[in-house]
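Per my numbering, residue 1 is the first one in the sequence shown, and the count goes up by one each step.
A hint or two may mislead.
What the hints assert, rightly or not - Using C-beta positions, here's what the derived DEER-type ranges look like: (1) D112 to Y169: 32 to 42 Å; (2) G172 to G69: 16 to 26 Å; (3) A148 to H6: 32 to 42 Å; (4) R141 to E62: 27 to 37 Å; (5) H193 to L160: 36 to 46 Å; (6) D140 to D220: 37 to 47 Å; (7) D232 to D88: 18 to 28 Å; (8) D67 to A250: 35 to 45 Å; (9) D67 to D254: 34 to 44 Å.
Stated by the list, open to error - In silico EDC-like links for lysine to aspartate or glutamate, alpha-carbon gap of 16 Å or less: (10) K39 to E163; (11) K39 to D63; (12) K39 to E144; (13) K39 to E14.
None of these hints come from the bench; they were simulated from the model. Just so it is clear, the structure is predicted and the values come from calculations on it, not from any experiment. We put the beta carbon where it would ideally sit given N, CA and C, even for glycine.
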Amino acid sequence: METVRHHGRETAYEVADRGGTGPTICFVHGSGGSRAAWKAQYRLADRYPIVAVDLSGHGDSEDVDADPGYTTLSAYADDVAAVLEETDADVLAGNSLGGAVVMHLLLEREPDVEAAVLTGTGARLGVLQDLLEWLDDDFDRAVEFLHADDRLFHDPRPELREESAEQMYDCGRAVTERDFLTSHRFDVRDELHGIDVPTLAVYGEHDQLTPPQYHEYLADEIDDAELVEIEDAAHLTMLEQPAAFNEAIADFLDGLE
1 METVRHHGRE TAYEVADRGG TGPTICFVHG SGGSRAAWKA QYRLADRYPI
51 VAVDLSGHGD SEDVDADPGY TTLSAYADDV AAVLEETDAD VLAGNSLGGA
101 VVMHLLLERE PDVEAAVLTG TGARLGVLQD LLEWLDDDFD RAVEFLHADD
151 RLFHDPRPEL REESAEQMYD CGRAVTERDF LTSHRFDVRD ELHGIDVPTL
201 AVYGEHDQLT PPQYHEYLAD EIDDAELVEI EDAAHLTMLE QPAAFNEAIA
251 DFLDGLE
């Protein structure tokens, strides 16, 4: 693990590099997660150096005092921008809220990157009102809801579901609620034409949290975008079907070259 200090706090990130000569990919996790969400993508490190970020208040990163919504989104974007500067990463990849962070960076910060990968995300990320209420007053029920079939996972190994729930509890109710409220207020549907780098939109066949049509919309509205479906997966395709997910990324990046 490495850290970078910025805006009065430290952001943790991890680098995996096994001599890959392709572009460096910086991965950004979603709500209630950490860089551990991308552990299976380290298998790509012999082709592409990998960087995985812990957003503020997640994993090993210091928290930030920010209200849910644009202020939190901007703070998370600061985290990623600082890591991009430290690592010279060439590709931004984000899942769910991490995808919102990536889109925010591309639209408002103009980072020096060559491409983007958006998975389990959308131009608008409205959250079920019941889930927002459970995050506020019944965290156990919220975690149970998210780990039911076809939400975070389609049909995972039991230990994968358990690890994911444990990660959410480690993140804690307050930060996870802030994440989902920030997602709920995210909406760049009228701005996607401003994304001017080649973009891959990857979705899980059974994802009920960010359904296929969310990704179809991204592919339609972003000028240079490709769309890939991952079978037998839901929201966290990179964990549930890592081989297919990694292959999709490799094919996309190889196509750019």
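Item to check | Contradicted hints - numbers only | outcome: Failing hints, ascending: 7, 11, 12.
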